[in-house]
Each structure stands twice: as C-alpha cells, then as structure tokens.
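S.K.: Okay, here's what each chain looks like letter by letter:
Number of protein chains: 2
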Amino acid sequence: MKALVANKLGEADVLQLEDVKKPEINSNQILVEVFATAMNPVDTKARKHGLGGMLNPPLVLGYDVSGIVREVGENARTKFAPGDEVFGYLSIFGNGANAEYVAADYRTMAKKPSEINHVEAAVLPLALLTAWEALYDRINIQAGETVLIHAGGGGVGHLAIQLAKLRGAKVVTTASSIASINLVRALGADVVINHRQDDFVKSINELTGGKGVSAIFDCVGGEVFDRSLDCISPCGRIATIVEGGSANPSSKLFFKNATVHYVFIGAPLMYDIEPERQGKIIEQAAKLVAENKLRAHVSHVLTLEQLVEAHKLQESGSVTGKIGIKVHN
Amino acid sequence: MKALVANKLGEADVLQLEDVKKPEINSNQILVEVFATAMNPVDTKARKHGLGGMLNPPLVLGYDVSGIVREVGENARTKFAPGDEVFGYLSIFGNGANAEYVAADYRTMAKKPSEINHVEAAVLPLALLTAWEALYDRINIQAGETVLIHAGGGGVGHLAIQLAKLRGAKVVTTASSIASINLVRALGADVVINHRQDDFVKSINELTGGKGVSAIFDCVGGEVFDRSLDCISPCGRIATIVEGGSANPSSKLFFKNATVHYVFIGAPLMYDIEPERQGKIIEQAAKLVAENKLRAHVSHVLTLEQLVEAHKLQESGSVTGKIGIKVHN
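Line by line, the protein sequences are chains X and L. Each residue of the first sequence is one higher than the one before, starting from 2 at the first, in the working numbering. Each residue of the second sequence is one higher than the one before, starting from 2 at the first, in the working numbering.
None of these hints come from the bench; they were simulated from the model. From a predicted model like this one, the values you see are computed outputs, not experimental measurements. Treat the hints loosely; a few may be bogus.
Repeated chains share a single entry, so a pair holds when one copy, or any two copies, can fit it.
Simulated pairs of lysine-lysine, DSSO-like, Cα-Cα distance not exceeding 30 angstroms [claimed, not checked]:
1) LYS80 with LYS253
2) LYS3 with LYS23
3) LYS313 with LYS257
4) LYS3 with LYS46
5) LYS288 with LYS212
6) LYS166 with LYS257
Let the sequences and hints guide you as you build the complete structure.
M.R.: Right under this line is the structure:
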C-alpha cells in the first residue's frame with residue numbers, strides 16, 4: 002500500500018511517498034481503509050523531534066482517521082463489523098493514517114455520523130478529544146462561568162468554543178487574523194481579544210474588574226501560558242495542551258489555590274489507561290454532530306501526495322480551524 | 002484583652018504578650034471567646050516574612066480557633082447564638098486567635114462536637130480543610146486507588162491518611178521518626194516508606210512495577226515536590242500544600258497528561274469565594290469526629306504564654322500530628 006514515511010527526523014521534506022506492507026491487526030484492532038486523515042501539531046512535532054525523543058523513524062504519521070472497516074480483531078467484534086464507516090484517533094506508538102490502510106485500536110474509534118463526509122470526520126477526533134477532556138473532564142467548566150480560550154480560531158480552540166457554549170459558559174477568546182475573528186464570532190464567542198492589538202492580561206483585568214477568569218484553556222503555550230498565570234483568578238483552573246511555558250507556576254498559583262492541568266490526550270492509549278473512555282467521548286461528539294450542534298471548520302483539504310505542503314501550512318501557524326487530508330475518494 | 006503580638010517580622014522571639022483592644026465584629030462575624038487555638042506552618046511563615054509580603058505587622062497570629070460564641074453578627078444569627086461552642090478557621094487578613102477573643106467569619110465556623118475538648122477541636126480546621134480539599138475536592142481520590150502522602154505523620158498528613166482510608170483508598174506514606182511511623186501505622190497506612198533510609202521514587206517504582214502512583218499529596222515541597230514528578234503515573238494528580246519546588250512541572254508532566262493542584266485553603270476567605278463551602282466541610286468533619294471516625298493527634302499542648310516555644314517546635318519539623326494551644330481553661 003502507499004504511505005507517507007519519515008525515514009528520518011527533520012523538516013517537512015523528510016516525508017516521502019513509499020510502498021509499504023499493509024498492516025496486520027491484533028485482537029484489539031480493526032483494519033481501516035483510510036478515506037481521510039488530518040493534520041495536528043503532534044504530526045509536525047513527531048516529524049521534527051520524535052515528540053521529544055519518544056518516537057524513532059521510520060514513522061508513518063497521521064493520528065486521526067476516517068474510513069471503512071475491512072477487518073475486525075477478536076475483541077472489537079461487539080462494536081464493529083466490516084463495512085462500517087468509522088472515525089477515531091490512533092496511538093502515536095503505532096503507524097498512523099498517512100497511508101491507505103491503518104490498524105486502529107477499536108477502543109478509540111466510533112461510527113462516523115452519516116451527516117458528515119470522511120474529511121469532516123477525520124479532522125475531529127484528536128482536536129475534539131483535546132478540547133473535551135480539557136474543558137469538560139479536567140477544568141469542568143460550569144454554566145455561566147467565563148473561560149478564556151487562547152487561539153480560539155485554531156484546530157482545538159474552535160471546537161473548545163463550541164463545547165464551552167454547549168455547556169452554557171461565557172467565552173472570551175484571542176484571535177488576530179480576519180478569518181479567525183470571523184470564525185470565533187460565528188461560533189458564538191462572547192468577547193474577542195485581538196491579541197496583536199491588545200494585551201490579553203490587561204483586557205481580562207478590565208473585563209473582570211481585576212479579579213481574573215476562573216478558567217483558562219491555553220492552546221498556545223510559552224509566554225501565553227506564563228502570562229495566563231497573571232489573569233487566572235483565585236481558585237481557578239488552567240489547562241494547557243502545549244508543553245513548555247518557562248515559568249514555574251508555583252510562585253504565582255500557590256496563594257491563588259489554583260490548578261494546572263497538562264492535557265495530552267495521547268496518554269490513555271499510550272499507557273492503556275481506559276482508552277474506551279475516549280471512545281465514548283467520540284461517540285458523544287458524533288451524536289452532537291448528527292444533531293447539528295458541533296462542527297469542525299475545515300479550512301484546507303489536501304491529499305496524501307500534498308502532505309509536505311500540509312505540514313508546512315500547519316507549521317506556519319496561520320491555519321484557521323483544521324487541515325483535512327483526503328486519502329481515498 | 003491579652004494577645005500575643007508580632008510587632009515586626011522575624012524569628013519566634015518577636016512575639017510578645019500585650020494588652021490589646023477586644024475586637025469588634027461586623028455583620029458576617031461572631032465574637033468568639035478563645036478556649037484554644039493551634040499551630041500551623043502558616044503561623045511561622047506569616048511571622049517570618051508576612052507570607053511573602055501579603056501581611057504587615059502588627060500581627061496577631063493563630064488561624065484555628067475553638068471557643069464559645071459571645072456576640073453574633075446580623076448575618077450569622079441563623080447559624081449561631083451566644084453560648085454556642087464552636088470551632089473553625091480564621092482569615093489570615095484579620096487578627097487571629099492568639100488572643101482571648103477573636104472576631105471570626107461565621108461562614109467558616111461550625112458547632113464543636115461535644116465528644117472532643119477545645120484543644121482537640123482547635124487543631125482540626127486548617128489542617129483538616131487542607132487535607133479534605135486536596136484529597137476529596139481536587140485530587141478526588143477514588144476507592145481502591147493508591148495515594149502517596151508525603152509526611153504522613155505531620156499535622157495535615159495524619160488527617161489525610163484518615164480521609165484517604167475513609168474513602169477506601171490505599172495509602173503509601175513517608176515517615177522517619179519512630180513516633181511518626183507508629184502514628185501512621187495506627188491510622189491505617191498500608192505502606193510506610195522511611196524516607197531517611199529509602200529513596201521514595203525507587204520505592205514507588207518497586208511497589209507499582211514502574212508505573213507510578215496516580216495520586217500524590219505533597220505536604221513537604223521543595224525537592225520532594227520535584228521528585229514526585231518522577232513517580233506520578235500518567236493521568237495522575239499531584240496536590241501540593243507548599244509553595245515552591247524548583248522544577249517547572251511542564252516538561253515532566255505534559256506527556257503524562259497529569260495535573261498539579263496548588264492547595265492554599267486560605268484563599269476562599271481571603272477572596273470571598275464561597276467560604277461557606279468550607280464551613281460545610283468543617284461540619285462534615287465534626288460529624289466524623291462525633292462518629293469516632295476521625296481524630297487529630299495532639300502531640301503537644303502549650304499555652305498562649307508558651308507560644309514562642311510552640312513556634313520553635315513547629316519550625317523544628319519534628320512534630321508528630323499537631324500542637325494545640327490552650328488559651329482558657
């Protein structure tokens with residue numbers, strides 16, 4: 002089968018189209034004929050530095066998939082049958098969906114809603130799970146509470162806005178490009194801070210009378226994480242999906258009695274810690290999609306052959322919503 | 002009335018017995034005739050550096066109290082009447098209970114259980130709330146889960162052991178003195194690591210087959226916090242009640258998808274964020290005490306006049322359980 006392979010770590014052009022062996026499945030896996038996959042920041046980090054040394058080439062990237070089940074492992078037969086249209090996310094320790102077929106752990110897969118096509122489905126799982134776990138399971142955002150979402154126009158951020166609104170929260174978000182500002186407004190963001198024009202700490206202090214917000218979802222990291230420590234309220238919760246931030250949060254957060262959630266949703270499948278819980282979240286998301294309450298915004302659709310371009314686009318930081326990758330028509 | 006006053010910040014001998022004005026109460030306060038108070042690490046930190054500059058002398062310390070209600074503010078009348086025996090904790094922004102009378106916010110006070118005396122009651126609130134919020138409200142420890150409690154023989158730690166056992170958790174704890182080891186064993190600790198003889202990270206790895214524990218309650222801080230990052234399991238939660246720890250947790254915790262809770266239970270009263278929730282916890286603790294399911298271990302009982310000695314004892318780090326301060330017979 003065809004696959005895009007990184008035979009060494011490095012810039013986007015290490016990715017090469019090759020003929021590789023079709024994967025074999027174990028009892029927890031289903032073989033999925035890949036119709037679409039998606040770009041996520043984790044792809045570019047795996048390609049560049051093996052996620053801080055966790056992964057070694059050769060690598061087949063692409064940790065989101067939507068497609069059709071062709072074979073079903075023994076443990077997966079209560080849930081899936083050949084011919085099922087499915088979508089879900091894949092372990093970063095296995096070969097990904099930048100290929101014609103992929104072996105997927107059935108526990109993080111769900112039936113694809115018929116209301117959306119494979120590309121629209123493939124862009125959901127990783128980003129959706131990240132937003133869901135951060136906002137619902139970790140921060141536990143409450144109705145009426147205000148949450149600051151950094152980079153609300155991004156792949157995870159624009160789904161987070163929708164989840165926060167579904168929960169009845171008030172959303173303040175940062176965005177700067179016209180496309181992002183339009184998107185976050187369309188998704189119901191209550192306040193948009195143009196972070197290229199305004200300092201978000203100052204804006205939050207003005208909005209809250211100096212109290213800060215009780216929930217911050219950081220999809221940017223680095224200085225944005227560090228400065229978030231200055232506008233989280235006492236008893237607040239910060240969730241970050243980006244490694245880094247130079248500050249030790251303790252000195253700013255201790256007397257605030259606050260919490261930092263580091264959110265990396267690959268961990269349950271990596272360490273086999275209840276991945277089926279994530280499968281249930283994807284099923285709930287599928288229901289919300291079917292009810293027309295949740296949609297991923299697909300700003301670009303490229304092909305497997307255009308993955309080098311897709312990586313460069315993802316790394317440019319200029320993408321609004323998600324990049325979908327069409328593998329099969 | 003008599004009070005022990007710190008007219009400047011510094012070592013324990015800055016504390017002096019003085020005659021000061023009896024406090025006046027506001028509508029959210031009750032005037033409590035102090036029968037007992039307790040030592041907590043926060044007293045020594047307030048005396049030494051004003052809690053990192055938050056407090057300025059003159060200071061009357063002592064943030065736990067047990068005593069008898071003498072006056073009742075307007076908002077407190079549905080809950081308390083003169084003559085009630087009460088216990089609870091006090092705002093660090095007001096004068097404390099190292100005095101014959103104290104004005105206490107009624108929302109963090111509860112009726113004292115008749116099964117214990119004032120000293121036994123006074124040593125509970127701050128330490129109990131700290132352990133309760135960390136283990137129950139933040140970590141949300143589960144039945145059957147293993148929690149590592151650092152310094153299980155300490156003021157907070159020995160209450161944490163009891164709360165974890167009441168929830169059905171398995172307790173691994175560190176202790177080194179004979180008194181502490183005996184205490185934690187008596188309280189039901191399942192595994193005791195003598196941290197002067199054994200490296201706790203190594204011990205946890207041996208106990209868990211290298212997986213780490215999913216819950217750590219750090220009552221020590223510094224290097225103990227930093228090294229806890231090496232034995233928390235993926236998807237784990239660490240709660241620390243000590244400012245500091247030199248490491249930025251991000252690099253070790255991000256791919257573990259883990260959480261750090263900074264627990265400073267003074268925040269709700271300082272910032273007026275649902276302090277009545279803490280009052281309800283103290284009421285639940287009183288019920289557990291009445292049912293003989295929870296007890297503070299009082300290793301020393303000193304008097305108001307012996308507070309300088311009590312501070313030195315607290316700072317020695319050698320106390321098992323709590324130091325109670327008797328103010329009135």
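S.K.: Which of the numbered hints above does this structure break?
M.R.: The structure conflicts with hints 1 and 5, although it agrees with all the remaining ones.
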